[in-house]
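Generate the whole structure from the sequences, applying the supplied hints.
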Amino acid sequence: MTSPNPVEPLPYETAAVEETLGPGWAELLRTAYRWMVLGRTIDAHLQVLQRQGRLDFLGAAPGHEAVNVAAGLASTREDWVFPGLREQLIALVRGHALPSYVHHLFSDAKDPAVGRNVPGHPTAREVHYVSMSSVIGTQLTQAVGLAYAQKLKADTGATLVFFGDGATSSNDFHAGLNFAGVFQVPVVFCCVNNQWAISLPVSRQTAVASLASKAAAYGLPGRQVDGTDFIASYRALADALKQARKGEGPVLLEFILYRMTPPSEIEDPVRYQPADWMVRAARLDPVVRLLSWLQVHGRLTDEERDRWQADADHEVRAAIELAEGTPPPPAESVTEDVYASRPYASAGPGG
Amino acid sequence: MTELNLVQAINRTLRDAMRQDPNILLLGEDIGVNGGVFRATEGLFKEFGADRVIDTPLSETGIVGAAIGMALYGLKPVAEIQFLDFIYPAFDQIVSELAKFRYRSGGQYPAHVVIRSPYGGGIKGGLYHSQSTEAYFCHTAGIKVVVPSTPADARGLLFSAIDDEDPVLFLEPKRIYRSLTGEVPDGTHRVPFGRARIVREGSDVTLFAYGAMAPLAAEAAETLSRDGVSAEVVDLRSLVPLDEATCIASVEKTGRAVIVHEAARFCGFGAELAAVLAEKALYSLKAPIVRVTGFDTPFPYALENLYLPNAERIVHAARNAVRAS
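These protein sequence lines map, in sequence, to chains A and B.
All letters in the first sequence, in the order written, are residues 1 to 351 by my numbering.
All letters in the second sequence, in the order written, are residues 1001 to 1325 by my numbering.
Read the hints as simulated data drawn from the structure, not as lab findings.
Bear in mind that the values here come from a model prediction, so they are computed numbers and not experimental data.
Among the hints, erroneous ones may be present.
Here chain B is said to cover these stretches of chain A; the calculated rule only asks that three of the stretch's residues, wherever they fall, bring their Cβ under 8 Å from a Cβ of chain B [as the list claims (entries may be wrong)]:
1. 132-142
2. 171-181
Not everything, but these chain B residues come out facing chain A in the computed CB check (under 10 Å) [what the hints assert, rightly or not]:
3. Ala1067
4. Phe1086
5. Pro1110
6. Gly1142
To be clear about the criterion: a stretch of chain B counts as covered by chain A if any three or more of its residues have a C-beta under 8 Å from a C-beta of chain A, and this derived list gives those stretches [said to hold, decoys possible]:
7. 1070-1082
8. 1102-1108
The beta carbon of each residue, even a glycine, is placed where N, CA and C say it ideally should be.
Encoded structure:
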C-alpha cells in the first residue's frame, strides 16, 4: 500500500488529533485505516474480475474511502443510511457481512436481494442501509421522510443520506433540502463531490463555487469538508449527527474528493478528464494519507500494514470464491416480492 | 349506517383509521389547516395535530419521497396529491422507487404508502384538473390501483388500502364527491381488493365501468331495460389487482362487453380488459368488444361534455352490440 507518490500530508500534530477525536483516537484511526484498506482491496479485486468479464458492473469507490469509513464509524446502530452509488463500504463498516456483499455483486442465490438489483446496489436492512435505485437524487426526499418518522417517534437515531455532485441538479435535491428545512428533521445531507458526474465537471453542473453554499437557500448550514482527510470527515460527520440527534436541525456537508476510477468500467475518462487528473488524485489519496500519518506518528508498523493488507486480500478472495461457486437465483424468484403476496394472476414464467 | 356522500365517507374513514392506529399520518398540500381543497381532511388537523396531518411545501416528489421514507421506518403514511393531474413530479418516486422497493431489496424493504388523489372530469376543470390517467400506474408492477364509485366502497376500499402491505394508488372520482350519497357502514368493514361489484344483473350485455363512470353505466342499463335489453353492470372497483374471474364470468353469461372509462382510449385500461376478455372469453362473445371512452386528445375545457362518456353513448354502444348478433 505504500505509494512512491508524495502525498499531501494530513496537517495535524498528535495533540490536535487527540483534541479533535477525543480519547480512543489512536485506535479509531487504526480501525479506520484497516477498513479503508478493505474497501480499496475489494475494489482492486473486483476491477480485475470486471475486466476479465466475470463481473458485470461495478460502482467502484477508490477515493471515497475516508468519507465512507468515517460515516460507518461515526454513526450508531440507530442511525439510518441512504446511499448513493459509491457508499457500499458504509454497509460493511456498519456490520454487513462481506460475503453477503460479494454474493450481491455476483447476483447469486445468496444475494440478500436475490439478484434483483445491479451489482454495487446492495441492500442491508440489518444495518439500516437502505435499498437504492439507479435514479439520481430520489433518496434525498426519502431520507427526509425517514428522519421525520424518527423525530415523530422520538427515537434517538438520525439519517445520513449520500449523493454525488451531479445529484445537486436533481428535483429531489431541492425538494429534500427544502422539506428538511421546513420540518427540521434529524437528517445529514452528505454531498460527495468527487468533481465528476460521469463526464461533466461540477462547473457545468452549477454556477455556484461551492455546493455547500446551496444550503443557505433552504435555511440550513452548509460546510465544505476535505473528503480525502479521514480525521476531518469523521469530525464533520460526528458533529452533524450530534446536532441532528439533539434536534438542532439538518446540515449539508460537501465532501470534496477525487474520483480515482472511471465512473463505471464502461466509461473512458480520457475523453474528458485533464491529463494530470490521476496524478493530482494520487496526491490526495485518502488511504495513503491516513497510512502515512499513522506511520510518521508511530501508530502503525510496516509489519501491521502488510499483515492487514494480506488479511484483506485473503478475506476478499475467500468471499469471491464462495460467490463464484454459488448458483444464480432460482427462476421462480423472478415473480416474488413484487407484492406482499400473489393473490391474482400476473405475467411471468408459466403464468 | 350513516348517510354520507363520497368525500364525507373518505373524511370519516381517515379519521376512524387514525384514531385506531397512531402510526397513520397524512401529508399533502393544503390538507392541514385548510382541510384539503375538497375538504377530504376537514377537521383532522384539529383532532390529530400538525405532526400527523402535515401541510407540506408545494412539491409532489417531496410528498411521495417523504412518504416512502416514513413507510420504510414503519409509519403508515397516506399522501394526498391534490389533483391526479399534478402527480407527475412524483411519477419517478412512484414508479421507480415506491413500486420497486420490495422487489429490488429482496423483500427487505416493503414500502407501504397510500396515495389518495382526486381524478377525472366533469367539473369544468380543464386540461389540468380533469384527467384520468390511471393506466400509467396500472402498467407498473408493484403498485395497486383502486377506484371507488360509492360512499360505502370509498370507506371499505380505503380501510383496505391502509391495511394493505403494498403501495396503493387510491383514486377518488371528484365529480361524484358530493353528487350522490349512500348508506355507509359505521364499523370497519373492508372491501377487499380484486373483487369487482355486480351493480346490476343482466343477461344481454355487460357494461364494465369504474369510478364516476359506474353510475352512468347504471343509468344506461336502466334506459336499456326499458327497451327490453338486459344489461349487467360491473363496477371494477380494483384495477390492480383486476377481478378477472368476475369479468370473464359475466361475459360468458351475456356474450357482449361494453367497456366504459373517461380516460383516453389508446392504451387505456379498457385495452387491457378487452385483451383479457379476448384471451379468456373469446368463444363466449357474440359481438365485438366495444369501448366507450374519452377521446385521444388532451382533456378539453369548453367541450368537456363532448369528451366525456355519458349514458347516451353507453346505451348506443350497448344497442349496437346487441344488434350485431
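Using Cβ atoms only, decide whether Pro1110 of chain B comes closer than 10 Å to chain A, and label the hint accordingly. Holds. Min distance 7 Å.
For the hint on Phe1086 of chain B, does the least C-beta distance to chain A fall short of 10 Å? Hint on Phe1086 of chain B: violated, closest Cβ of chain A at ~14 Å, above 10 Å.
Identify whether the interface hint at Gly1142 of chain B stands, where standing means a beta carbon of chain A within less than 10 Å of its own. With Cβ-Cβ at 6 Å, under 10 Å, it holds.
Please verify the coverage claim for the segment 1070-1082 of chain B: does it have three or more residues whose C-beta sits within 8 Å of some C-beta in chain A? Coverage by chain A holds here, the residue count being 7 at a Cβ distance below 8 Å.
Should the interface hint for Ala1067 of chain B be scored as holding, given a Cβ-Cβ cut-off of 10 Å against chain A? 6 Å, holds
Assertion that chain B covers the segment 132-142 of chain A - criterion: three or more residues, beta-carbon distance below 8 Å: holds (count 6)
Are there three or more residues in the segment 171-181 of chain A whose C-beta lies within less than 8 Å of some C-beta in chain B? Check passed, 7 qualifying residues.
Examine the segment 1102-1108 of chain B: at least three residues should have C-beta closer than 8 Å to a C-beta of chain A. Since three or more residues must qualify, the claim that chain A covers the segment 1102-1108 of chain B holds, with 7 doing so at under 8 Å.
Of the numbered hints listed earlier, the single one contradicted by the structure is hint 4.
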